[in-house]
Amino acid sequence: MKEVLKITGVLTSICIICVFLLSFVYGIAVEKIEINKQKRVEDAIINLAPNAEKIEKVKIDNETIYNLFNNKGKIFGYAFIAEGQGYQGKIKMLSVIDVSLKKLHGIEVVESIETPGLGAKIKDDPFKTQFININISKDIECLKDDPKNDNQIKSITGATVSSRAVTNILNKKINIIKNLVNKK
Amino acid sequence: MKEFIKGLWHEHPVFRQLLGMCPTLAVTTSALNGISMGLSVVFVLFFSSLVVSLIKKIVPPQVRIAVYTVIIATFVTIVDIFLQAVFPDISMALGPFIPLIIVNCIILGRCEAFVSKHSLSDSLQDALGMGLGFTWGVFLLGSIRELFGDGSILGFRILSSNYNPLIVMILPAGAFIVLGFLVAIMNSLEK
Chain A
20 MKEVLKITGV LTSICIICVF LLSFVYGIAV EKIEINKQKR VEDAIINLAP
70 NAEKIEKVKI DNETIYNLFN NKGKIFGYAF IAEGQGYQGK IKMLSVIDVS
120 LKKLHGIEVV ESIETPGLGA KIKDDPFKTQ FININISKDI ECLKDDPKND
170 NQIKSITGAT VSSRAVTNIL NKKINIIKNL VNKK
Chain B
5 MKEFIKGLWH EHPVFRQLLG MCPTLAVTTS ALNGISMGLS VVFVLFFSSL
55 VVSLIKKIVP PQVRIAVYTV IIATFVTIVD IFLQAVFPDI SMALGPFIPL
105 IIVNCIILGR CEAFVSKHSL SDSLQDALGM GLGFTWGVFL LGSIRELFGD
155 GSILGFRILS SNYNPLIVMI LPAGAFIVLG FLVAIMNSLE K
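Top to bottom, those sequences are chains A and B.
Heads up, the numbering used here is the position in the first sequence plus 19, with the first residue counted as 1.
Heads up, the numbering used here is the position in the second sequence plus 4, with the first residue counted as 1.
Calculated from the structure, these hints are not laboratory results.
Just to be clear, a hint being listed does not mean it is correct.
Claimed, not checked - Derived lysine-lysine pairs resembling DSS-like cross-links, with alpha carbons at most 30 Å apart: (1) A:147 to A:51; (2) A:93 to A:147; (3) A:56 to A:163; (4) A:76 to A:163; (5) B:6 to A:21; (6) A:21 to A:73; (7) A:58 to A:21; (8) A:25 to B:60; (9) B:121 to A:25; (10) A:21 to B:121; (11) A:122 to A:109; (12) A:76 to A:197; (13) A:121 to A:192; (14) A:56 to A:111; (15) B:60 to A:21; (16) A:25 to B:61; (17) A:111 to A:58; (18) A:58 to A:73.
Said to hold, decoys possible - Restraint-style ranges between C-beta atoms, simulated for each label pair: (19) B:125 to A:78: 53 to 59 Å; (20) B:125 to A:57: 41 to 47 Å; (21) A:21 to B:103: 33 to 39 Å; (22) A:151 to B:5: 55 to 61 Å; (23) B:167 to A:45: 42 to 48 Å; (24) A:28 to B:113: 49 to 55 Å; (25) A:109 to B:167: 51 to 57 Å; (26) B:165 to A:167: 26 to 32 Å.
In this text the structure is predicted, and so the values were computed from the model without any measurement.
In this text, a Cβ means the ideal position worked out from N, Cα and C, and glycines have one as well.
All chains, please: the whole structure from these sequences, using the hints.
In structure tokens, the structure reads:
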């Protein structure tokens, strides 16, 4: 009996000490972590829509949309976060859609663990820039060859799954955003 | 001093003991990822060894592994929080492999096999040696894979842009190939 008490006692007290230590460290860091996350989103918005004078975060039906205002105080676009399953894990990206809901201003991947050197190229230039001013009246299509229409992009060689994932996640979210904005 | 040196060469955790294979193979796609993983392991190994060495007398042997794991998990979580707060880019690049240091067998292995049987100062030397040995191992592996797979090291271009990258070096197969060669070289040097 004494043995059992000792075992339980030691294990419990060590766990309690560790929990206090962790909550102490987390308490110091939580603010910075939140700022970092917020900054990543804001940096991405500024990158995609440099003329955004004011960014306003609104929540409709559990979806977060950032209204982007130009220097005349008019909304010229909406930024949103789209996330979903990629090849190795979650892909999270920020995108800016024009107020006309007909074209994208571009995308910026904020979180992904795709294969370095292959799928990770979704973050980089030749692939990313294809989404600038792409037509979204129809779904975006992902092709293996050079695109012919203005709603098509070319996938990364050797990383078709990651490329497809990006367009699928985007298409799904764009449709949700279109519905929300139209309802508003 | 002897305890410090052995982890760097004769009992190198990666090339001689073949411990910690999961992070060794998975995160060494670039030299920077290798260094960050290596230094995180040094931190966790050092402080876990310190704490385990201090409390080993009061821990009942039946629950020692559970206790060690809780201690290791605590320090790993501290590293994870620290990286997220201070180096968000590195934290993003290493992703889930930081929390996975908890099950890195180098750390539990050293706590169980060495720290529980040796003095505090020997344990700390052992931890630093093993940790830094692991660090240069993953740094070397990461550099070789980044060099052949991308033509650069630490982001600096080494091979000319005409070089056609061997994509396989960045994929998992490349990790096994490079590790195999390095272990073979290590073995022949030891003979």
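These are the hints, each one checked on the structure:
| no. | hint | result |
| --- | --- | --- |
| 1 | A:147 to A:51 | holds (29 Å) |
| 2 | A:93 to A:147 | holds (27 Å) |
| 3 | A:56 to A:163 | violated (34 Å) |
| 4 | A:76 to A:163 | violated (37 Å) |
| 5 | B:6 to A:21 | violated (41 Å) |
| 6 | A:21 to A:73 | violated (66 Å) |
| 7 | A:58 to A:21 | violated (54 Å) |
| 8 | A:25 to B:60 | holds (14 Å) |
| 9 | B:121 to A:25 | holds (22 Å) |
| 10 | A:21 to B:121 | holds (26 Å) |
| 11 | A:122 to A:109 | holds (25 Å) |
| 12 | A:76 to A:197 | holds (17 Å) |
| 13 | A:121 to A:192 | holds (14 Å) |
| 14 | A:56 to A:111 | holds (12 Å) |
| 15 | B:60 to A:21 | holds (19 Å) |
| 16 | A:25 to B:61 | holds (13 Å) |
| 17 | A:111 to A:58 | holds (15 Å) |
| 18 | A:58 to A:73 | holds (15 Å) |
| 19 | B:125 to A:78: 53 to 59 Å | holds (57 Å) |
| 20 | B:125 to A:57: 41 to 47 Å | holds (45 Å) |
| 21 | A:21 to B:103: 33 to 39 Å | holds (37 Å) |
| 22 | A:151 to B:5: 55 to 61 Å | holds (59 Å) |
| 23 | B:167 to A:45: 42 to 48 Å | holds (45 Å) |
| 24 | A:28 to B:113: 49 to 55 Å | violated (27 Å) |
| 25 | A:109 to B:167: 51 to 57 Å | violated (32 Å) |
| 26 | B:165 to A:167: 26 to 32 Å | holds (30 Å) |
Consistency with the previously given hints fails for numbers 3, 4, 5, 6, 7, 24 and 25, ordered from lowest to highest.
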